[in-house]
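S.K.: Chains as they are written, first to last, in the numbering used here: chain A, 1 to 551; chain B, 1 to 704.
Everything labelled a hint here was simulated from the structure, so no lab data went into it.
Hints are not guaranteed to be accurate.
Far from chain B by the CB rule (all over 10 Å, computed), these chain A residues [unchecked claim]: (1) F6; (2) Q11; (3) G465.
No farther apart than 25 Å at their CA atoms in a straight line, the calculated lysine to any residue pairs in the SDA-like style are these [unchecked claim]: (4) K212/B - L415/A; (5) K475/B - E508/A; (6) K212/B - I506/A; (7) K661/B - A522/A.
Just so it is clear, CB atoms sit at the ideal spot from N, CA and C, and this is done for glycine as well.
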Amino acid sequence: MVLNVFSLITQVVVLIVVLAVLHQPMGKYLAATFTSHKHLAVERGLYKLSGVDPQADQHWKVYLRSLIAFSVVSILVIFAGLLLQGVLPFNQGMGAVDPWVAMNTAVSFVTNTNWQTYVPETTLGFGAQMLLLAVQNFLSAAVGLAVVVALIRGLVRAETRNLGNFWVDLTRGTFRVLLPLAVIGAVVLLITGVIQNWGGTDIHTLVTGAQQTVPGGPVASQEAIKLLGTNGGGYFNANSAHPFENPTAFSNLFEILLILVIPFALPAMYGRMVGDKRQGYTLLTVMVAFWLASTALMAWAIAAFSGTGTSIGEGFEQRFGVAPSALFATATTLTSTGAVNVAHDSLPPLAGGLAMLNMMLGEIAPGGVGSGLYGLLVLSVVAVFIGGLMVGRTPEYLGKKIGAPQMKLVALYILVTPALVLLGTAITVAIPAISAAAPAEGPHGFSEILYAFTSAANNNGSAFGGITSSGPALASMLAVAMFVGRFLPIALVLALAGSLAKQRKIPETAGTLATHGPLFAALLGGVCLILTALTYFPALALGPAAEGLLK
Amino acid sequence: MNLTNTLAALPLAFRKLNPRSMIHSPVMFTVLIGSIVCTLVSIQQLFMGSPTAVFSIIVTVWLWLTVIFGNLSEAIAEGRGKAQADSLRAARTSVMARRRIGALVPAGQSGGGYSEELVPGTDLAVGDIVICEAGDLIPSDGDVIEGLASVDESAITGESAPVIRESGGDRSSVTGGTRVLSDRIVIRITAASGKTFLDRMISLVEGATRQKTPNEIALNVLLASLTIVFVVCVMTLAPMANFANALPTPVVLVALLVCLIPTTIGALVPAIGIAGMDRLIQRNVLATSGRAVETAGDITTLLLDKTGTITYGNRRAVAFVAADGVSQDVLVGTARLSSLADETPEGRSIVDLALAGTQEGRSPEAVLADASTDLRGDVEVIEFSAVTRMSGLNFPVGHPANPGQTVLEVRKGAASAVELYAKERGGFLPQELEEAVLKISGTGGTPLLVATYDGERAQVLGVIHLADVVKPGMKERFAELRAMGIKTIMITGDNKITAAAIAAEAGVDDFVAEATPEDKLAVIKAEQDAGRLVAMTGDGTNDAPALAAADVGVAMNSGTSAAKEAANMVDLDSDPTKLIDIVGIGKQLLITRGSLTTFSVANDVAKYFAIVPALFAATFPGLGLLNIMGLSSPESAILSAVIFNALVIVALVPLALRGVKYRAVSAARALSRNLLIYGLGGVIAPFIGIKLIDLLVALIPTIG
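Turn these sequences into a full structure, and let the hints guide you.
M.R.: Put into structure tokens, the structure is as follows:
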């Protein structure tokens, strides 16, 4: 395929300009949202209704308990809702969902993964889509925001164990951040031609006599939060490759913007909350560097290895081409989104490998809503630990000592995802009955399995679609990967926040390792690459590299 | 590290193979398990006559060498302390102590009112009273409660000149194992046998009581986590590779694992810690724990006593200011006369300064002869007293210095005292001298007036300017400290004006004037409340609370045992300036640890590129493209990576023992430098190293 470099650069520049304009005002708004003491009338009503005391400052353990309880209840509600779809209203005639699929889907949407092991058009009515899944699109993203806000509070606060109030953070994230942005996003998407109706699936008879099935539904409202909340669960099976979800080149670029806008604004919020904007800019630099490098590599890999000359590769959306596909594929895997406008299974092996590498990096550039920044902050702690020693001080981060208790939490954090991905993949390939779900020949079959577990453990949700994950074994293993991959890191992050909040602040001196500036950015980038991505080198060698490197 | 002490450390390195001692280092324990697995596999292959047996055996040997090298580094570091410990033990030979028994001996018998008994030194308990006379070894640590003696402390300090120990005051503590050279002292024992200073020192230099420091624990947590990640990575690789029909042998998988886990830093962490302690001991500083050394690197505030640390202990004469109508020579000459009998350092400095102006052309003998003729037997010496606050000489008629008919009195002393002396004898303090006195006081100096009285009228001749002299180089050191982010606070008993002047001259950041020991404690608490870590030195008993409160408290060995007990370091040379070196050693320890961790982790990149293509290139020829080093065969690639991994430990042992070169620069500069050398260097070095080893290994028949 031919890469139009000019087109790629133009789109990247447009994104950079818009994001550059938006990130500081949005960061300011986000910081104000999570530090304000005022409650909106609707929020007060909600607190009263649910019996929450919005003034209560929660110990990190209480914060975590609230979060886990809320998420578990959410999973159960969706699971039950999907099983009972046949008797619930607005089901458009769809019946009960298969229990394994329902379980997998419930975990998937609550963990912000949105792995779709079902075909939406033939499985869900718009009642389930709107009242169950779309609600989680908001809430799971708000949970991510709450966690990163709690971690930042841990860095900022001193001599306390309290991290704020989970219910307040969740409510504000939903009502003050995600909802207004989703409304704006949906309106713009409507203008670009995304559909929004209450009609079911129409069947038309074409002139040739063939029958065409044209689905309808409240797509635009769902589409906006699917991207904003880095969820990625499409209204249609084809996701953002479907013309009703993503009709034009402009809507495509706008959707990429929606994916990136909150994650790229979070460093600005962080900088403001810790009272040093440079801290935010440094993390932003690392995120942008990885994003640009990965986008360029992706475009090159697609153009160089997909078909020859001007032919459009199989699995690519013909309306888009190389640049929009590369931009979308990179943005969706570097965040925890997982929406796709190209079948990732059809990406050339090295491009598919790059998509995996993006996720394996820990989805930190810029990462999912909240999860990207807290992932990068945890890696910053590792960078601070190594860098701090190199300047002759026992390490400290923003005035908080990084000792053995903190390192234990961080060490576990960096262990969780690789262990889930590699163990899940190894178990699957070791049992022929399970690995038969990925029927592709040779290394590509292996890649499909590796991709599935990478996507699940990192809560991404995109897939190499050749794999069938609706069977009990894979559905459960992937659900475990999603659940543990989401909530164990969150528990560790909140424990870390608690242990940081407890400390008193150490004043900064000339002998303190500066956690801002290009030097620290380089150190952090190196730590990210070596400690996360390199762990997967042998696995990647057996999959995409074995398939893509030809002598 | 030389061949002799390397060989000497070998037996210990093998003894350390005991899994119970290996388990403390998760990284090296993993290598040990891997080596055992490979040994079993190799034996099996040998019996099966497998063609890969030779390769497996060579890899296994190098894996064992990796473990041995790791242990060797620790053993060498410990060995350096052993020699020191042996010489210390020689001083701990069992001595018989003369213990005083409480009962009074009936009058008329000898024994000073108490009876004595001879007991082994090891039987002494805290609170026992013992008597030591010239030639005796002091049996245990204690405080002198009676008498004064010169003591040879060379056994612990290495300093051959004897020191004075006396009851009361700040020089009352004695150390077990030192020898009384003269006189007789009565000592109250303060440490039970086995817990004396010497015992602590021996166990410290031997590393017997070594516990992991907090930062070491944190680092080990990170290393353990990386090890687990790679164990998962390699163990899951087996089914994955099997899925692709490219299952490597267990030996190859273990080789990959050992290369990926951070063996370099894992092997060197203990040696780095021991060597840091050792560097302190080399500088004659004893730390009670490794933790204290680590904390020293974190210090952000230094509390320094002015006297002895920043300035020479004493004030020195720096100028003479003559009154109008008095020639400079007369003033200088008279000032010299007034101080001839003054044996205080101030007095001697006046004589020195007076001679400095006139000495040209005069031999030292002539000067000495001068002094003795001037101080004839009939000259009356007026000693300084707290009441008169003056000292001087009375020259009888006929003395060369006295041309007059009556006794000539020469006096020098505090301005107010001399002014009063002159007024009572018909003299006055000239206006210009009054101004000079004020001026000198204003700059922190001490003005001394010089006056003469010839029986008729007293005359004030001029002023001697005494000043605290800041030690050379202090200003530069404080500037360095500031660049490193360390704040210096000077503590002095002087008044504010004097203190401010010295503080400005020395370039300290802050000072506390008219300080009492309680003030020290208050300053420490205030700094700590602001989140800073404080280091200080002290010697007196009243320093003990502050020493205990400070994060790093360094007691002078000459100080009281209370001070030594409260401090977490003792400086055997009693040099308070050393505090600055101690901070440097702490930083160096941490920098070495961080730099080698970075190096170790960065090494992984090259090892992936060596081993991964070697594992799978046979099945997937395309992966051969990853063999960017062009290694000759899969076997040689794996072997080269394993050999490099083992040799790099040995190569870095000297660096671990010596410490990474430490410069007093800001954090940003230190980071960029170390990141470049150990980060970037750590990525590049193994590519070169593995390639070179491969060129050699390829010559082995079945490998290349």
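S.K.: Is it correct that the beta-carbon of F6/A has no partner in chain B closer than or equal to 10 Å?
M.R.: holds (31 Å)
S.K.: Is it true that the CA of K475/B sits at most 25 Å from the CA of E508/A?
M.R.: Judged against 25 Å, a Cα distance of about 23 Å means the pair holds.
S.K.: Hey, is G465/A genuinely clear of chain B, shortest beta carbon separation above 10 Å?
M.R.: holds (20 Å)
S.K.: K212/B and I506/A were given as a pair; does the straight-line alpha-carbon distance stay at or below 25 Å?
M.R.: Status holds; Cα separation ~24 Å.
S.K.: In terms of Cβ atoms, is chain B entirely out of 10 Å range of Q11/A?
M.R.: Its Cβ never comes within 10 Å of chain B, the nearest being 31 Å, so this holds.
S.K.: For K661/B and A522/A, compute the direct alpha-carbon distance and say whether it is at most 25 Å.
M.R.: Holds: K661/B and A522/A sit about 23 Å apart, inside 25 Å.
S.K.: Verify the proposed pairing of K212/B with L415/A, using a straight-line Cα cut of 25 Å.
M.R.: Between K212/B and L415/A the Cα gap is close to 24 Å, so the pair holds against 25 Å.
Consistency note: the structure conflicts with none of the earlier hints.
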